[in-house]
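> Chain by chain, the residues:
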Amino acid sequence: MTQAEIKLCSLLLQEHFGEIVEKIGVHLIRTGSQPLRVIAHDTGTSLDQVKKALCVLIQHNLVSYQVHKRGVVEYEAQCSRVLRMLRYPRYIYTTKTLYSDTGELIVEELLLNGKLTMSAVVKKVADRLTETMEDGKTMDYAEVSNTFVRLADTHFVQRCPSVPTTENSDPGPPPPAPTLVINEKDMYLVPKLSLIGKGKRRRSSDEDAAGEPKAKRPKHTTDNKEPIPDDGIYWQANLDRFHQHFRDQAIVSAVANRMDQTSSEIVRTMLRMSEITTSSSAPFTQPLSSNEIFRSLPVGYNISKQVLDQYLTLLADDPLEFVGKSGDSGGGMYVINLHKALASLATATLESVVQERFGSRCARIFRLVLQKKHLEQKQVEDFAMIPAKEAKDMLYKMLSENFMSLQEIPKTPDHAPSRTFYLYTVNILSAARMLLHRCYKSIANLIERRQFETKENKRLLEKSQRVEAIIASMQATGAEEAQLQEIEEMITAPERQQLETLKRNVNKLDASEIQVDETIFLLESYIECTMKRQ
Amino acid sequence: MAGNKGRGRAAYTFNIEAVGFSKGEKLPDVVLKPPPLFPDTDYKPVPLKTGEGEEYMLALKQELRETMKRMPYFIETPEERQDIERYSKRYMKVYKEEWIPAGPKPKKAKDAGKGTSLTNTADVLKKIEELEKRDDGEKSDEENEDKEGSKEKSKEGDDDDDDDAAEQEEYDEEEQEEENDYINSYFEDGDDFGADSDDNMDEATY
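Residue numbers (our numbering), protein chains in the order written: chain A, 1 to 534; chain B, 1 to 206.
So here's chain B without its partners, still in its complex pose:
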């Protein structure tokens, strides 16, 4: 509601002296747009600290960044299929351990025919494990199109799992118990839907 301007002359409701403007002085312009993205600074920032400690920490930081990328905790996003398989890709692949914090390891990864009684949580877990292994096996197929093939990769994944058995034992229970979280029969094929399956789709070749 536009207030009454007071017969053509602006009159303030408070004492303008109190905020520091003398009577009749030109007030600063109203700002009509947001402040600039990179405003000019009158004062340049102080230079960074330098010293032995700072340099060491800097080197540490950069090293840690590189190391983290190579750790098994860094989960790569599955790449979309390239149009042309680059020859150099296989030789530039960074070697990384498999870290699968899962339950009891099946003795043979290829045992896909193992009977699963869904009432037993351990077996349910093994089934998930096999599906995982199969997924990993297939993923490694396209990433690693050498003659080695999926068997060796999953076998080596197995060895790594044995390596890391101690680390994952704590998670055994967690993983196992998690399966009770939802109705097994409902999500029987649940693992297959989702992003992973896209990787295995053989595109129609004409």
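The following block holds chain A by itself, in its conformation from the complex:
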């Protein structure tokens, strides 16, 4: 794990789980697999707190454990999973576009809690939805269950590995930690539950000041005493499926940008048909015949078979090679080249970065070297039609920032510099890695800056919160306009200005984080699929 990744993980863990969990988590990421006592000793925290922190991390699928020889249990952190926490808003928003509010809340609850049983999810989501509905209306459990089943069917949620049920009672002592297993077939199997009920609206009397809820709490808990039918079956969000969806989205929008709406619809149809049949890491989708595609086009699109064939031929001939023709049976067999598509997207990202950082002439040189693979300096000047001095300057700038590299080809065995060719080349994989590393650094900087800004204005933020609370309570008890006006004036105009600026800055920083994460997704997918290929 690079320093940048560790720093980013540390910031994310601290923001979401507090300092103790952050300390334990970062220690595990840095040092790899460790047993419990060693963690406690090395980090200098009490065993109790280490246990709590580990429980939180395991609950959220950030740390896994394994029993080694001699019965020692070792804990290991998954750094890449920690970095996924940046993407939570995107997962939730995607579910909203696909399954509307109910689906959105289900995925949100699963992400916030790590693992949950189906009945717990349904209950929580129904309660939340009921809150937002008008008075008197409640959300039925059945509707939420249906959405849950649909999510499981399309593999967006999956079962967590669980303790294996052993029929024979082992006479020896049980192992120090259970080894969790999950059967492939059972991963998306929804237990047969009959969840009957409606969402409960939180009683308004419970929303009093902090001191009150303690007295009211015992009343709430009495209705949870019945045994939970699907105990032991926990569900988690299936991030790989979301990533597959994002990848498909990226490919479709790329085709739409390059060609037109209809071709993107065709590609979308092909991807949809291959969702179940192709694994997420396959280089190509399964071959689809033109007839099948014609039958599966969305209902609104009535293009004739010939037009479809023309589009497919056009797509297959495109130099970007998103779609390839793999045979002629059935009117032509077509596949989508997933790995090539990811490579093109990553390359386009690199080109765009070069253009925005160094200018369009640099971008021209970059694209030229990409196309021709290896070029000498003289050749670069000639092909790009850029004067020698500027071309040299740009090449060196890109070289120093590691977007390009030099390849030496000696003419003589003694590698004398005067008799060696120096060729400029772009190695996409290493450039992508370099850019990814920079992205991690950027997000870490963004988060730090946002925390700094918030800390600077902490006093002002607290004051404005207090004033808002006062106004809200006064409105509830029915106050006059004049009184409300008076309270509002407690915040002076320059302070209001400051608050506005702060809000704008924080929003900008947050939005930047989300968008850098999109780039991270593309680059990581590309690197992953290239590594698998090798």
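Don't read these hints as lab results, they were simulated from the structure.
Please note: incorrect hints may appear among the correct ones.
[What the hints assert, rightly or not] Below 27 Å or equal to it, Euclidean Cα-Cα: the simulated DSS-like pairs (lysine-lysine) are:
hint, chain 1, residue 1, chain 2, residue 2
1, A, LYS96, B, LYS49
2, A, LYS503, B, LYS49
3, B, LYS61, A, LYS508
4, A, LYS7, A, LYS441
5, B, LYS69, A, LYS455
6, A, LYS389, B, LYS33
7, A, LYS115, B, LYS69
8, B, LYS69, A, LYS503
9, B, LYS44, A, LYS441
10, B, LYS61, A, LYS455
With chain A fixed as given, assemble chain B onto it according to the hints.
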């Protein structure tokens, strides 16, 4: 090893034309310090994407941040004792559920006198549980200096545990089995050493 400069005149070992400098041209200065921390950029960054989706995700992100702080998974660092107890502190305390993913819950938290046979893992776990509860009870004393006192807090913690019983059952085994990891007798009082105990120290008052 400083090479021979060639009778007072620098001579390159390679053809200087190849890297693009003409003969006799002034070479750029050697850089003697690290690059500046915030270098000037010639090209300003492209504005951020805006749209319905982006705005929704932004709002979601900020909401999630707030929600996570209130979840029971966010473990607060125990604060050091303040010199003066601020009156407003008790009313600004954020109410949070207790999430203790532990083993079988003791029926009465106050049963400190329960006999513990250390050979039985279940009892060992209960002992740890009681120590935890006692710790929590004491911690709540100083955080929550109301008349409610530790009993109600631990009772309510108990109720919450029953609430979350389903969620923690999977961890029962894990917690239980973990205790076999180390020699019990060696760490009998282990739970009491460490950061937590500092909170309970009554500072000498003069």
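> Could you tell me which of the hints above the structure violates, numbers in ascending order?
none
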